[in-house]
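Colleague: Here are the chains, one letter per residue:
Number of protein chains: 2
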Amino acid sequence: MQSAMKLTILGSSSALPTSGRYPSAHVLNVHERLFLIDCGEGTQMQLRKTKIRFAKINHIFISHLHGDHVFGLYGLLSTFSLMGRTNPIHLYAPENYDNILRSHLNDFDIKLSFQIDFIPLSARDPVLILNDKYLTVTAFPLQHRVPAFGFLFREKKPDRNIIKESIVKFNIPLVRIPAIKKGEDFIASDGVIIKNEEITMPPSEPLSYAYCSDTKYFKRLASFVKNVNLLYHEATFDKSREDLAEITGHSTTYDAAKTAVAANAHTLIIGHFSARYKDITPLVMEAREIFPETYPAIDGKNYEVGNISDPL
Amino acid sequence: MQSAMKLTILGSSSALPTSGRYPSAHVLNVHERLFLIDCGEGTQMQLRKTKIRFAKINHIFISHLHGDHVFGLYGLLSTFSLMGRTNPIHLYAPENYDNILRSHLNDFDIKLSFQIDFIPLSARDPVLILNDKYLTVTAFPLQHRVPAFGFLFREKKPDRNIIKESIVKFNIPLVRIPAIKKGEDFIASDGVIIKNEEITMPPSEPLSYAYCSDTKYFKRLASFVKNVNLLYHEATFDKSREDLAEITGHSTTYDAAKTAVAANAHTLIIGHFSARYKDITPLVMEAREIFPETYPAIDGKNYEVGNISDPL
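Here the protein sequences come in this chain order: V and F. Position one of the first sequence corresponds to residue 15 (our numbering), numbered consecutively onward. Position one of the second sequence corresponds to residue 15 (our numbering), numbered consecutively onward.
Just to be clear, a hint being listed does not mean it is correct.
The list treats identical chains as interchangeable, and a pair is accepted whether it falls inside one copy or across any two copies.
Each computed BS3-like pair below joins lysine-lysine, with the alpha-carbon atoms no more than 30 Å apart [said to hold, decoys possible]: (1) Lys315 / Lys65; (2) Lys315 / Lys196; (3) Lys292 / Lys70; (4) Lys147 / Lys170; (5) Lys63 / Lys272.
FYI, nobody ran anything at the bench for these hints, they're computed from the structure. Quantities reported herein were computed from a predicted structural model and do not represent experimental measurements.
Chain V on its own, in the form it takes in the complex (with noise of 0.2 Å):
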């Protein structure tokens, strides 16, 4: 069967990009609803090259305001415009950004089709900042040198699915169906009462992926991503980069799976490469010493969460 929640990674570059690798955009599709993390400059070329549909895009969560998650935003925002958009734009981001926004796109007199309903970032703690049919979308404090954000998305617990057979068999009607996925017993006309465990099977465990990038290593963060089955986590610098890292508020191999182990991840992405490395299989191959399922981030790549195979 397939994943409920898949990741495409549009950008795995550090400030600088190269030629392969753009600057920092994930597009996650949770039951083909589609969430738009951070947005690099090119995003929307990256789009069109992974055949991603625009308009299924509703939300956008922004990390922090460094040039290289937010220069796609006022081409993406344009180009939504120029096709017509009229659905909102739900943007998550640094409080201080509504502003800067707003401002930039009024001097290059942009004036979109739809609206952007603002959620402004600002807590010190895990805040909940989406809670629909499908999932949960949690914010939570990062550590860098401007104020920065991690995203989890926590699929929410899908129904029992109900044993087909049992339809026919029990003579249910359909408009019961929907309680016993919910777990509800059956009732039936003689009143025989037909447990749910019978007619139903237990529905697949709820997904999550937890977005940590730009970050420092802290041991609270993963406290933050506890049990996570995808974690993608910067690694900027291989382990020998401590001093690195340091200044410039930002994690190495080591890092990214100190916190994997921690927080008991599933499976750990790592990327936000820095532009030295040409091949970044020696970093995937570093944090493996700490965290065997580690896998790198690669431009255009589509990940299954709970499902993810070894492009190395």
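Given chain V, put chain F in place with the hints provided.
Modeller: Frame of chain V, contents of chain F only:
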């Protein structure tokens, strides 16, 4: 002999980029000095792909303040800075952009490692904006929805080429050669005057390139780019969409070709194609009905000014 003026087109889309066409950006190479003209989103990634050396760019020209001509600039300036650039950038742009740019860099906490020398554009007539050893650059007004400018790059008349054998034959001291290349005769030690034409060859004709985007058709434009070798002119629409061209302040294929004819241009490149055209061959064919020496703008392609071959 290689042309002293080469054009690389980094982006040929109009406001909506496609998977194969990025927003506007051209790099003109004149005697190995690079001039960046417009800087749409993704320009720095296209520079990487075309292996153009960032450090050779010292002059950036912005035609007008629409995002598809500007939104790559923030990332590019950031990258210059991260690469440790110290040489100033000469930025030629509509006059109100100075404040917009500085305020936006400030919003993003970007402290550049180099100066930006801002040259404001506002004139209603052609004005010389750069005059150096090898070339002059003139800005001239276009007609668009916002103030917009075209740029004409004219190579200065190169020196005459000295005939190597004559140096030995007439025993010409090295110190005299620069003056001879400028056209002076040589007076030999016995007082005999050797005519310049005897010891030099005429130089190649100076080359020129004009960039016209975005603009609607207007008659006076041709007079600004008279006799240019290579005219780049936007052709957002095919000839049947005059109505759209009029409303949006853009040109059709015929408009571009008519200006090329009236200007007595040698060669025309059309670009800034609307995303509606998957195949741009018919647009080139249309323009050729009026101006046969028309070629398409293609992302990543190099064009030798004065020597363009057919990529169709």
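Colleague: Against each hint, give a clear statement of whether it holds in the structure.
Modeller: Going down the list of hints, with the structure as the test:
Taking the closest pair of Cα atoms, Lys315 and Lys65 come within 30 Å of each other both inside a single copy (12 Å) and across two copies (24 Å). Taking identical chains as interchangeable, the C-alpha atoms of Lys315 and Lys196 are never at most 30 Å apart, the minima being 35 Å within one chain and 59 Å between chains. Taking the closest pair of Cα atoms, Lys292 and Lys70 come within 30 Å of each other only across two copies (23 Å); inside a single copy the shortest separation is 34 Å, beyond that limit. With identical chains, the CA atoms of Lys147 and Lys170 are at most 30 Å apart within one copy only, with a shortest distance of 8 Å there and 68 Å across copies.
In this assembly of identical chains, the alpha carbons of Lys63 and Lys272 never lie at most 30 Å apart, being 34 Å within a copy and 35 Å across copies at closest.
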